[in-house]
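Just so you know, we're using my numbering here: the sequence shown kicks off at 77 and counts up by one.
Derived from the structure by calculation, the hints contain no laboratory data. Since the structure is predicted, the reported quantities are computational estimates derived from the model, not experimental observations. Hints are supplied without guarantee of correctness; some may be wrong.
Stated by the list, open to error - Quick list of simulated restraints, FRET-style, between CB atoms: (1) ALA312 / ILE254: 46 to 56 Å; (2) HIS527 / PRO155: 53 to 63 Å; (3) SER117 / PHE416: 40 to 50 Å; (4) LEU183 / GLU145: 15 to 25 Å; (5) THR206 / HIS527: 17 to 27 Å; (6) THR363 / PRO407: 38 to 48 Å; (7) GLU513 / GLY420: 27 to 37 Å; (8) HIS527 / ASP253: 36 to 46 Å; (9) ASN427 / ALA521: 35 to 45 Å; (10) ARG211 / ARG244: 32 to 42 Å.
Claimed, not checked - In silico lysine-lysine, DSSO-like type, Cα no more than 27 Å apart, as pairs: (11) LYS399 / LYS268; (12) LYS381 / LYS294; (13) LYS81 / LYS190; (14) LYS191 / LYS81; (15) LYS343 / LYS294; (16) LYS362 / LYS314; (17) LYS213 / LYS225.
Ideal placement from N, C-alpha and C gives every residue a C-beta, glycine not left out.
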Amino acid sequence: MNDRKLLVIDDNTAVSTALELLFSLEGWQTISATTPEDGLSALKSESVDLVIQDMNFKADKTSGEEGIELFHTIREQYPDLPIILLTAWTSLETAVDLVRGGAADYLAKPWDDKKLITTIRNLLELSDSTQELLRLKERNNQTRSALFKEYTLNNIIFQDPLTENLIRLACQVAKSDIPILITGPNGAGKEKIAELIHDNSVNPNNNFIAVNCGALPKELIEAELFGAEAGAYTGANKIRIGRFEAADGGTLFLDEIGNLPLEGQMKLLRVLETQQFERLGSTKTKTVNVRVISATNADLPAMIKAGEFREDLYYRLNVIELKLPPLADRPEDILPLANFFLDGEKQLSSNAQQALLNYPWPGNVRELRNAIKRAQLLCSNNKVEIEHLGLRALNEANSSANVTESSATESNVAESNVTESSATESHTPPKPKAKKEPTKDEIEAALAETHGVIANAAQMLGLSRQSLYRRMERFDIKKK
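Take these sequences, add in the hints, and give me the full structure.
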């Protein structure tokens, strides 16, 4: 707090002398100026930490016009410099206007020494904190710019340090061919991170193939992943290329890996170990070179203990784990993402911005995107307000229908967009039934009522899409 320079701009030399004596007791240096012009000159030649300025500089003036003009000039040229206004004449209304305009404080003459010193101390500490935040922000901007120059980030939108650290780590491991496991809640952007890894891999121009493991029917897992010869099963009229073969030389993204049945896990383990497989119905072994990235929102170690996930497969997939935090834990990403989704068509009001920052985002980035899409439809002018976002309605929908769990994974974004957006925009999402464990007849009725749309049927039954798939498999219900 010592070695500070305080500029006093006052035409009364007695005031400057008194303040200089007072400030010297605190170890602060005082620079005095008797006119606005001298004060502005001092600011150009000296490094000043705080300004104390009078509001009237002529004996016959009490309106404060000169002080107001000086204040606005200093504020325009030095926007972060603390300014204390000191006068005995100007009205309270003027004082309030100036404080709203950025004045740090407004004190009347004669001043209270103790109050003035306390005010200055607080302002200097606040100024130090602000400057440190600005320096930190500048350093972050520089490291972020370096990240964009060093790696291919495409449409990755981020501002939060947590996200930046994750992206940096993802880019650092992208060049290797080791398997990577991305963990995090639904809708947080796990597939986007997988795409980022592929874009910065050794073969970014080769295929990126995404598979939603939770949506694979048990009887078709082998054919989906490894392909099938013509006639290998009923309806197989021609050779079917599997996902591993399609991703040869590139990246295979296995989303919701925790929902892969044990039988599929066993077959997947063999391919990861040998990079070899046979198409269903064939004895000819094929060899591929595939980078495998998997993702899940499940607690795989807990599933291992419960016998629901193979431990050897877990360690094969989890050579590097990237933990993607929920959107609520990276708040600095919220507004940049919202503006990206608005795509320059509309602007968020200050109240809408604050509402977005205060909202817990149980549906993460996917929910934010849908809220912005809703706002774009409902906003008739250029300014998005709180009521256009429908955050309360979305929150109620999430609580009652478990939208976060039941929405499609990132690899099936198109379907989830239609389902969630239509439910939100119509304001009449299907209401889940109270019964916890549906019967076969109830599942079939829900599927019939929703014309076979799994996401809508699951929502009606109060289940996740993956849970509904498992029950359909248990009851041998075919999707029509």
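The hints, checked one at a time:
{"no.": "1", "hint": "ALA312 / ILE254: 46 to 56 Å", "result": "violated (34 Å)"}
{"no.": "2", "hint": "HIS527 / PRO155: 53 to 63 Å", "result": "holds (59 Å)"}
{"no.": "3", "hint": "SER117 / PHE416: 40 to 50 Å", "result": "holds (46 Å)"}
{"no.": "4", "hint": "LEU183 / GLU145: 15 to 25 Å", "result": "holds (20 Å)"}
{"no.": "5", "hint": "THR206 / HIS527: 17 to 27 Å", "result": "violated (58 Å)"}
{"no.": "6", "hint": "THR363 / PRO407: 38 to 48 Å", "result": "holds (47 Å)"}
{"no.": "7", "hint": "GLU513 / GLY420: 27 to 37 Å", "result": "violated (48 Å)"}
{"no.": "8", "hint": "HIS527 / ASP253: 36 to 46 Å", "result": "holds (43 Å)"}
{"no.": "9", "hint": "ASN427 / ALA521: 35 to 45 Å", "result": "holds (44 Å)"}
{"no.": "10", "hint": "ARG211 / ARG244: 32 to 42 Å", "result": "violated (20 Å)"}
{"no.": "11", "hint": "LYS399 / LYS268", "result": "holds (13 Å)"}
{"no.": "12", "hint": "LYS381 / LYS294", "result": "holds (22 Å)"}
{"no.": "13", "hint": "LYS81 / LYS190", "result": "holds (19 Å)"}
{"no.": "14", "hint": "LYS191 / LYS81", "result": "holds (19 Å)"}
{"no.": "15", "hint": "LYS343 / LYS294", "result": "holds (12 Å)"}
{"no.": "16", "hint": "LYS362 / LYS314", "result": "holds (18 Å)"}
{"no.": "17", "hint": "LYS213 / LYS225", "result": "holds (18 Å)"}
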